[in-house]
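Given the structure of chain A, go ahead and fit chain B onto it with the hints provided.
Sequence lines, in order, name chains A and B.
In this text, residue positions in the first sequence follow my numbering: the first is -12, and each later residue adds one.
In this text, residue positions in the second sequence follow my numbering: the first is -12, and each later residue adds one.
The set of hints was computed from the structure by calculation and includes no laboratory data.
In this text, all values refer to a predicted model and were calculated from it rather than measured experimentally.
Only true hints are included.
You can't tell identical chains apart in this list, so a pair holds if it fits in one copy or across any two.
Here are the simulated lysine-lysine pairs, BS3-like style, with alpha carbons at most 27 Å apart: (1) K117 <-> K24; (2) K133 <-> K114; (3) K133 <-> K117; (4) K117 <-> K76; (5) K24 <-> K76; (6) K24 <-> K39; (7) K114 <-> K24.
There are 2 protein chains.
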Amino acid sequence: MGDGPAIDGPAVQDTYPDDVAHCYGCGRLNEVGHRIKTRQLGDGTVTEFTPKDFHTAIPGYTYGGLVASVVDCHSTGSAAIFAMQRGGKVVGSEPSPRFVTARLEVDYVLPTPLSPMVLTGRLVEIKGRKATVDTHLSVDGIVTAKGLAVLVEIPEDRFRARS
Amino acid sequence: MGDGPAIDGPAVQDTYPDDVAHCYGCGRLNEVGHRIKTRQLGDGTVTEFTPKDFHTAIPGYTYGGLVASVVDCHSTGSAAIFAMQRGGKVVGSEPSPRFVTARLEVDYVLPTPLSPMVLTGRLVEIKGRKATVDTHLSVDGIVTAKGLAVLVEIPEDRFRARS
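Only chain A is shown next, with the shape it has when bound in the complex:
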């Protein structure tokens, strides 16, 4: 991450309540998932992720679905961090809110090499239960994808009936 601000504090996904921590993309309780981890970085967020050899598109590059997945979970995690910040709370001090995605946009600016990627998140807007997060995904310092996601905080009593 170079000489920028230090990555600060625990991953927000490690502070989700247990019953919403099974996401294949980022749930700490999903034993076979990607376990994406998003942390505060200055006034933004950061996720570092290394794809597996088999996450290929055209040989040597990461398939678009994984890029979208990582942008998606990074965005929900970022929204949770920004919501904690708005409330004057420190990530890790209590269970964090859990956002889900209402809309996801990904621009594939360049093919993404099948290599470690860094995603940085920036808050565009947070209003009520809705947040908009802007993401840059880069490999070796070169931005290969840009994301814009609209996230909505789950009310605590919803989505928990189906099993």
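Relative to chain A, chain B alone:
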């Protein structure tokens, strides 16, 4: 699929040239991938896909990254089918063109149950090497996600150097 038009012909992903058939989402040569299959259906396209138990978001629902992945590969496959149709060619008669995604938009209209899903594709526009495909993803007949993707056909001599 009810009483609509019959699903017609081979999956387009089974007609991709070997060196571009390794996509984790839809490559027939990716041994651990999703192997998404897209076929012609009337003047549109269709993909049927069943998520695994571990592809969960909130328990009981499919995580957003998989929804995006399936929309993505369904869209690239649909673009290939529409390009074949434009050229007056039948899918399976020769190797199909290979599209990659330039832009992906997904609207998560409702939570998508962790159940078999059907995606239908419709050509919005095809112009030169660029196609735009509109997708509806449904479970049990209820549309839970909508996609819009811009796809670009890979020139035959590109993307094949990196390995």
